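Student: For what it's worth, numbering that gives the first Met the number 0 labels the leading residue of the sequence shown as 0, then goes sequentially.
It is worth saying that the hints were derived from the structure and are not from the lab.
Computed from a prediction, not measured in an experiment: that's the story for all the values here.
For each residue, glycine too, the CB sits at the ideal point set by N, CA and C.
Fair warning: there could be bad hints in the mix.
Stated by the list, open to error - Ranges of calculated distance between the beta carbons of each label pair, as one might list FRET restraints: (1) Ser132 with Thr50: 41 to 51 Å; (2) Thr50 with Asn128: 19 to 29 Å; (3) Tyr65 with Thr134: 16 to 26 Å; (4) Asn128 with Val149: 30 to 40 Å; (5) Tyr177 with Ala46: 16 to 26 Å; (6) Ser75 with Tyr129: 50 to 60 Å.
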Amino acid sequence: MTRFWHARPRHASVALAWLLAATLAFAGTGGGDGGSTPSDPTPTDPAPTATQYRIGLTNGSYADAYYDVYKCAKVSLGTYTDLRAMASTSSGSYKSSYLAHNVRLYANGNLVARSPDVERRVSGASETNYITSLTPVSVSHTVSCPQAVVTDVRARGWHKGISIHGHSHSLYTSDYFYG
């Protein structure tokens, strides 16, 4: 009787091991079709509408105006700070074939600095070859701290984008900093 109980568990474990190996072999072949993978193409993102692209570019682009206040902690003659303007452009999650921008810096309504136009164009833009943002641009103008305290600083950014689907949009953004 002892032999019968010892032989049966070993026989069951051999059968179970064989069944497990056969199952793994069948699963590894993808159902027995020779191991080939399906050739379905990967899904592509739906093309945005012109309105969606415009909203993405508008929400992702901005200008910033400020001056280095910490330099003027003690307002005195001979102490200077920099008025600054910066612009950044992004089309958000929408794919672009072209992006461009520049920024202008105004002090008390007068243009004091302008960045060159910065643009980036993708040749052969597609669902896999595109851009969504540009490196920010900035300009500065040095003034004395007593002058900075009474200066109204304005940044005006110009932004332009063209989606990989041909939608085009340009806009201006502004920001103000009052000393």
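Student: Of the hints stated earlier, which fail here?
Tutor: 1, 4, 5
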